[in-house]
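**Student:** Sequence:
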Amino acid sequence: MPNSPGFPPGTERAEADMLAVGMREVNQPELIELPEPPMPSTDELLIDMEMVALSIAEVRAVRGDRFRHFGQKIDPSDPFIFGFAGVGRIRKSGSPSFAEGGRVILSGLVSCGKCSHCKRGLENHCEQMRLAGIDVGCPGYGRGQVLVPARLAHRIPDTFSPEKACVVSEVATGVHALRRGRLKAGESLGVIGSGRHGRQVIRLARRMGCRVVAIDPQESSRELALLAGAHEAIGPASASGLDLDCAIHANSDESSLALACNVTGPQGRVILLGTPAGKDVELPDPYALVSLPERELIGTDSKTAEGFRVAIEIMSTGEENWEVWNPRRVPIQEAPQALKTAAQSWPPSHDLFIDLSGSR
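Residues 0 to 359 (numbering that gives the first Met the number 0) are what the sequence shown spells out, left to right.
Bear in mind the hints are in silico, worked out from the structure with no lab data behind them. A quick note: this is a predicted structure, and the numbers were derived from the prediction, not measured. All the given hints hold, so there is nothing to weed out.
Once the Cα atoms are required to be at most 27 Å apart in a straight line, the calculated DSS-like pairs of lysine-lysine come out as:
| hint | residue 1 | residue 2 |
| --- | --- | --- |
| 1 | K339 | K72 |
| 2 | K163 | K339 |
| 3 | K118 | K91 |
| 4 | K91 | K113 |
| 5 | K163 | K91 |
Please take these sequences and the hints and turn them into a complete structure.
**Tutor:** Following this line, the structure appears as structure tokens:
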């Protein structure tokens with residue numbers, strides 16, 4: 000068994016310990032033993048975790064991209080723990096709003112809950128906000144149990160598969176982005192990038208009654224976009240003259256920002272959802288791309304508690320297939336190798352999820 004922080008080498012795993020998917024140094028994911036959390040205090044929940052998603056956020060963590068971006072460094076004595084989007088069941092509740100045994104998904108946005116932004120429901124703008132399983136010093140949900148503030152939990156139906164539950168976070172991001180972009184029924188939307196977030200945006204826009212054009216250089220991604228409900232799926236070379244009402248930049252390739260502008264018509268709206276790889280992003284010829292056609296660039300950052308509530312309501316009704324593409328459950332014992340492989344060859348041939356049932 001791997002050693003745990005505070006446990007000397009060779010220490011046998013105690014029955015009270017649990018497994019976590021973590022990392023003491025960049026590019027070296029491993030299984031780590033952690034002590035089980037204490038019982039919850041007021042307005043806290045102790046959750047038995049079922050599953051976490053393995054997405055591009057985890058891949059960037061393995062590679063150390065975000066750490067370098069924000070000057071973060073892992074302390075080996077306080078390992079980084081993966082898992083931004085997770086689902087579990089309440090073992091013990093310190094909140095009158097949550098019953099023991101209830102099933103919940105957890106928000107990865109760990110805000111203070113007290114500032115003016117948090118009180119207004121804008122926890123994504125909390126100055127103390129950190130991302131679980133993404134920022135150093137903010138452990139993720141890829142472990143047997145977690146102790147969290149009750150405000151991070153959102154009830155889900157037992158009918159949701161663990162995989163479906165894990166993508167609620169992505170749908171909530173899409174809900175927030177499309178609300179920021181003021182997308183209305185009957186409008187046309189270009190989705191630049193047909194990865195997991197892009198496909199959830201496609202489903203949401205179709206639900207709203209919009210015409211959706213997916214734009215992606217990869218044929219396999221275009222095929223998935225059509226399965227998600229896009230009316231058309233084309234390559235960038237075929238994207239001229241679309242004259243769309245709105246576009247959403249749903250990828251991390253900053254070179255496609257100009258494309259996101261060009262597919263919209265005069266006074267079009269461009270939603271900036273993707274997270275660029277670098278801090279300094281240049282938009283070529285902003286006068287021609289933005290000022291002259293009076294296009295509007297709209298920023299969007301993650302999601303809010305309201306976005307989670309709306310996403311769960313939407314996913315509980317209708318006929319959309321919110322299940323993920325070609326899902327693969329990875330037992331926690333195999334998770335470190337799965338993370339290494341994903342970091343070397345992203346995107347994978349499966350949507351990956353870490354099964355935490357063997358972590359306790």
